[in-house]
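Sequence lines, in order, name chains A and L. Be aware that the first sequence starts at 1, since it is given in our numbering, and climbs by one per residue. Be aware that the second sequence starts at 116, since it is given in our numbering, and climbs by one per residue.
It is possible that part of the hints are untrue.
[Claimed, not checked] Heads up, simulated DSSO-like pairs for lysine-lysine below, C-alpha to C-alpha not over 30 Å straight-line: (1) A:K114 with A:K58; (2) A:K69 with A:K107; (3) L:K124 with A:K49; (4) L:K172 with A:K110; (5) L:K198 with L:K172; (6) L:K185 with L:K172; (7) L:K172 with A:K49; (8) L:K124 with L:K172; (9) A:K107 with L:K198; (10) A:K110 with A:K49; (11) A:K49 with A:K69; (12) L:K198 with A:K110; (13) L:K124 with A:K110; (14) L:K198 with L:K124; (15) A:K107 with L:K124; (16) L:K124 with L:K186; (17) L:K124 with L:K185; (18) A:K110 with A:K58; (19) L:K186 with A:K49; (20) A:K68 with A:K110; (21) A:K107 with L:K172; (22) A:K107 with A:K49.
[Stated by the list, open to error] With beta-carbon atoms standing in for the labels, derived distance ranges: (23) A:S28 with L:S188: 31 to 39 Å; (24) L:K124 with A:S28: 38 to 46 Å; (25) A:Y39 with L:E177: 24 to 32 Å; (26) L:S122 with A:S14: 35 to 43 Å; (27) A:S26 with L:P123: 34 to 42 Å; (28) A:S28 with L:R128: 39 to 47 Å; (29) A:L7 with L:T194: 34 to 42 Å; (30) A:V29 with L:S210: 18 to 26 Å; (31) A:S14 with L:E130: 38 to 46 Å; (32) L:G178 with A:S14: 37 to 45 Å; (33) L:D169 with A:A1: 21 to 29 Å; (34) L:I175 with A:Y96: 15 to 23 Å.
Derived from the structure by calculation, the hints contain no laboratory data. Glycine included, each C-beta is placed from N, C-alpha and C at the ideal position.
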Amino acid sequence: AQSVTQLGSHVSVSEGALVLLRCNYSSSVPPYLFWYVQYPNQGLQLLLKYTSAATLVKGINGFEAEFKKSETSFHLTKPSAHMRDAAEYFCAVRAYGGSQGNLIFGKGTKLSVKP
Amino acid sequence: DGGITQSPKYLFRKEGQNVTLSCEQNLNHDAMYWYRQDPGQGLRLIYYSQIVNDFQKGDIAEGYSVSREKKESFPLTVTSAQKNPTAFYLCASNSVQGAFGLTNTGELFFGEGSRLTVL
Chain A
1 AQSVTQLGSH VSVSEGALVL LRCNYSSSVP PYLFWYVQYP NQGLQLLLKY TSAATLVKGI
61 NGFEAEFKKS ETSFHLTKPS AHMRDAAEYF CAVRAYGGSQ GNLIFGKGTK LSVKP
Chain L
116 DGGITQSPKY LFRKEGQNVT LSCEQNLNHD AMYWYRQDPG QGLRLIYYSQ IVNDFQKGDI
176 AEGYSVSREK KESFPLTVTS AQKNPTAFYL CASNSVQGAF GLTNTGELFF GEGSRLTVL
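From just these sequences and the hints, can you work out the full model?
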């Protein structure tokens with residue numbers, strides 16, 4: 001079975017500081033992993049995805065994530081936070097079988113950026 | 116432009132009334148999904164459909180119903196049996212098969228959401 005855990009429901013950083021959002025996964029098969037971003041009252045937008053090619057994945061808006069099999073992690077980073085990065089971020093893993101549809105989502109991490 | 120359209124964006128309902136949320140996609144995707152989002156709880160799957168005239172319950176299907184009469188459309192009805200319907204509802208879709216022989220990664224495409232408030 002697959003599952004995702006996002007560490008920290010709220011993260012606050014100063015503008016220009018490093019952003020680090022943590023995601024750990026559990027999967028009995030090689031995983032496909034995703035990060036989505038959601039701005040208030042909007043749908044989810046794909047930031048980046050890992051599909052078993054390069055372990056360091058670059059996405060939109062300057063974000064990147066590194067797949068570490070030994071740590072079962074897929075943490076999201078950005079070197080320098082901008083005010084427009086304030087949003088909620090969801091990590092997800094592809095599901096196989098069961099009633100969980102196609103992706104299993106973490107509970108989300110809300111990122112605040114202080115001026 | 117291809118995409119997923121949800122309507123209405125905001126909806127108010129009195130207790131005891133049924134309400135239907137619309138979801139239409141022109142991406143030629145086979146599968147469609149409905150999620151419910153509550154603060155701090157992430158996304159929870161209500162129903163999904165991988166083919167016309169067939170659908171499966173997700174984790175929180177009680178009090179909801181769906182239909183899939185056309186590939187492009189997957190409406191969700193929130194019935195009076197749903198005890199706490201106030202939430203943000205998200206529709207999503209994807210292809211069951213990967214494009215051009217590529218592996219289907221499971222990537223979902225989302226609509227803009229519908230916010231339902233019960234008065």
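Against the structure, the hints come out as follows:
The suggested pairing of A:K114 with A:K58 holds, with an alpha-carbon distance near 24 Å, which does not exceed 30 Å. Restraint check for A:K69 and A:K107: satisfied, since their Cα atoms lie roughly 21 Å apart, inside the 30 Å limit. Annotation: proposed proximity of L:K124 to A:K49 holds, straight-line Cα distance about 28 Å (limit 30 Å). Distance hint between L:K172 and A:K110 is fulfilled; the C-alpha atoms sit about 29 Å from each other, no more than 30 Å.
Distance restraint check for L:K198 and L:K172: the Cα-Cα separation of roughly 17 Å lies within the 30 Å cut-off, and the hinted pair is therefore satisfied. For a cut-off of 30 Å, the pair hint linking L:K185 to L:K172 stands: about 18 Å separates their Cα positions. For the hint pairing L:K172 with A:K49, the CA-to-CA distance comes to about 27 Å; that is within 30 Å, so the pair holds. Taking the CA atoms of L:K124 and L:K172, the gap is near 24 Å; set against the 30 Å cutoff, the hint holds.
Restraint check for A:K107 and L:K198: satisfied, since their Cα atoms lie roughly 22 Å apart, inside the 30 Å limit. At roughly 19 Å between alpha-carbon atoms, A:K110 and A:K49 fall within 30 Å of each other, so this suggested pair holds. A hinted pair counts as satisfied when its Cα atoms are at most 30 Å apart, and A:K49 with A:K69 qualifies at roughly 15 Å. With a C-alpha separation of about 27 Å, the suggested pair L:K198 and A:K110 falls inside the 30 Å cut-off, and the hint holds.
About 22 Å separates the Cα atoms of L:K124 and A:K110, which keeps this hinted pair within 30 Å; it holds. Taking the CA atoms of L:K198 and L:K124, the gap is about 21 Å. The hint holds against a cut of 30 Å. Our distance criterion of 30 Å between C-alpha atoms is met by A:K107 and L:K124, whose separation comes to about 23 Å. Distance hint between L:K124 and L:K186 is fulfilled; the C-alpha atoms sit about 22 Å from each other, no more than 30 Å.
This hinted pair checks out: L:K124 and L:K185 have alpha carbons roughly 22 Å apart, not beyond 30 Å. A distance of roughly 21 Å separates the Cα atoms of A:K110 and A:K58; the hinted pair therefore holds under the 30 Å criterion. A hinted pair counts as satisfied when its Cα atoms are at most 30 Å apart, and L:K186 with A:K49 qualifies at roughly 26 Å. Between A:K68 and A:K110 the alpha-carbon distance is near 23 Å, which keeps this suggested pair within the 30 Å criterion.
Distance restraint check for A:K107 and L:K172: the Cα-Cα separation of roughly 21 Å lies within the 30 Å cut-off, and the hinted pair is therefore satisfied. In summary, the hint linking A:K107 to A:K49 is supported, as the alpha carbons are separated by about 18 Å, within the 30 Å threshold. Taking 31 to 39 Å as the suggested C-beta distance range, the pair A:S28 and L:S188 conforms, at roughly 35 Å. Checking the proposed 38 to 46 Å range against L:K124 and A:S28 shows it holds: the Cβ atoms sit about 39 Å from each other.
Between A:Y39 and L:E177 the Cβ separation comes to about 30 Å, which falls inside the hinted range of 24 to 32 Å. One distance hint, 35 to 43 Å for the beta-carbon pair L:S122 and A:S14, holds here, with the actual separation near 39 Å. Checked against the hint of 34 to 42 Å, the C-beta distance between A:S26 and L:P123 comes to roughly 38 Å, which is consistent with it. For the pair A:S28 and L:R128, the supplied restraint of 39 to 47 Å holds, since their beta-carbon distance comes to about 41 Å.
Range check, A:L7 to L:T194: about 37 Å between beta-carbon atoms, so the 34 to 42 Å window is met. Checked against the given bound of 18 to 26 Å, the beta carbons of A:V29 and L:S210, roughly 20 Å apart, stay inside it. Range check, A:S14 to L:E130: about 45 Å between beta-carbon atoms, so the 38 to 46 Å window is met. Under the hint 37 to 45 Å, the C-beta atoms of L:G178 and A:S14, about 43 Å apart, fit the expected range.
Between L:D169 and A:A1 the beta carbon distance is about 24 Å. The supplied range of 21 to 29 Å therefore holds. One distance hint, 15 to 23 Å for the beta-carbon pair L:I175 and A:Y96, holds here, with the actual separation near 20 Å.
Going down the numbered hints, you'll see the structure goes against none, and every one checks out.
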